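K.L.:
Residue strings, one per chain:
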Amino acid sequence: MAEKPRLKLPKEAKKGDVIEIKTLMPHIMESGQRKDKDGKVIPRKIINKFVATFNGKPVFSADLDPAIAANPYLQFSAKVEESGTFKFTWTDDDGSVITAEEKITVA
Amino acid sequence: MRVLTRRAALALGAGGAALTVVGWNSGASAAAKDAADQIAKFTGGKEATKAKVSIELPEIAENGNTVPLSFAVDAPMTADNYVSDVLVVADGNPNPGVATFHFTPLSGRAEAATRIRLATTQNIIVVAKTSKGEFLTGQKLVKVTIGGCGG
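One line per chain: the protein sequences are E and P, in this order. For the first sequence, numbering that gives the first Met the number 0 begins at 0 and goes up steadily by one. For the second sequence, numbering that gives the first Met the number 0 begins at 0 and goes up steadily by one.
For reference, chain E alone in the conformation it holds in the complex (with noise of 0.2 Å):
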């Protein structure tokens, strides 16, 4: 997995504000239902789980399943207090991680 994510957030924000964040990951997520043309069934692969850390403190996390379609897309919302960082963390099945930042500036 050595995907970019895309996210678009906000730089900037009010204190209190509560921001919407979208992700995008490129992924196959290979469900593990297909079959190749051979009639054997293509092992499944997919991102597993989705974290979203602002400050170090968790904000949001997903448990994904096969059912979630490829270039998994996660939309959530964030309170945001102060200046700072969100770290976003995405896990592949085969315990690859993928990570990215952005920062914001809350006044």
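Note that these hints are calculated values from the structure, not bench results. These figures come from a predicted structure and were not determined experimentally. Heads up, some of the hints might be wrong.
Computed cross-link-like contacts, DSS-like style, restricted to lysine-lysine with a CA-CA straight-line distance of at most 30 Å [to be verified]:
#, chain 1, residue 1, chain 2, residue 2
1, E, K14, P, K51
2, E, K48, P, K51
3, E, K48, P, K142
4, E, K86, E, K14
5, E, K13, P, K51
6, P, K51, E, K34
7, P, K51, E, K56
8, P, K40, E, K44
9, P, K32, E, K34
10, P, K32, E, K39
11, P, K51, E, K44
12, E, K56, P, K40
13, E, K10, E, K21
14, P, K32, E, K7
Got chain E; can you put chain P on it based on the hints?
P.N.:
The following block gives chain P in isolation, referenced to the frame of chain E:
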């Protein structure tokens, strides 16, 4: 022993026929049972109130491979009372589990959106758990024209 009247015998026969028709559909009802089991595990058997959970899904999903889903739980998100977890199941998929979302007071609102795969027309059931151990639920039927399980 009372002799079976012809009417009673016919009714028995019709009942038997109905049972076999339901049997043919057992794939769908097996998935529904799996979904119910997952929900029972999530709630610990506790009853979930059918309220405060709104779900947005298209009425008809043209492509079961990617169906937009969003939900929102109309409940406080304060330090002493917040929605902590939300389970989403699809009661007609080969594996009903879709995702479990975890929230904290820093989430601001207990809401999320994603895109899911649906094998067939079915119900999406959303169950929310609060930090006080209460459960809220809602569900929505989605008609799927082309199933999205790689079939």
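K.L.:
K14/E and K51/P were given as a pair; does the straight-line alpha-carbon distance stay at or below 30 Å?
P.N.:
holds, 27 Å
K.L.:
CA of K56/E to CA of K40/P, is that 30 Å or under?
P.N.:
holds, 28 Å
K.L.:
Quick one, are K10/E and K21/E close enough, alpha carbons at most 30 Å?
P.N.:
Between K10/E and K21/E the Cα gap is close to 13 Å, so the pair holds against 30 Å.
K.L.:
Is it true that the CA of K32/P sits at most 30 Å from the CA of K7/E?
P.N.:
violated, 38 Å
K.L.:
Taking only the CA atoms, is the gap from K51/P to K44/E under or equal to 30 Å?
P.N.:
violated, 34 Å
K.L.:
Given the proposed pairing of K86/E with K14/E, does the C-alpha separation stay at or below 30 Å?
P.N.:
It holds: about 19 Å lies between the C-alpha atoms, which stays within 30 Å.
K.L.:
Hint check: K40/P vs K44/E, CA-CA at most 30 Å. Holds or violated?
P.N.:
It holds: about 25 Å lies between the C-alpha atoms, which stays within 30 Å.
K.L.:
Going straight from one Cα to the other, do K51/P and K34/E come out at no more than 30 Å?
P.N.:
It is violated: about 40 Å lies between the C-alpha atoms, which goes past 30 Å.
K.L.:
Please work out if K32/P and K34/E have their alpha carbons no farther apart than 30 Å.
P.N.:
holds, 26 Å
K.L.:
Would you check the hint for K51/P and K56/E, treating anything up to 30 Å between C-alpha atoms as holding?
P.N.:
Distance of about 27 Å is within 30 Å: holds.
K.L.:
Compare the distance between the alpha carbons of K48/E and K51/P with 30 Å, and conclude whether the hinted pair is satisfied.
P.N.:
holds, 26 Å
K.L.:
Take the C-alpha atoms of K48/E and K142/P, compute the straight-line distance between them, and say whether it is at most 30 Å.
P.N.:
holds, 28 Å
The earlier numbered hints that this structure contradicts are 6, 11, 14.
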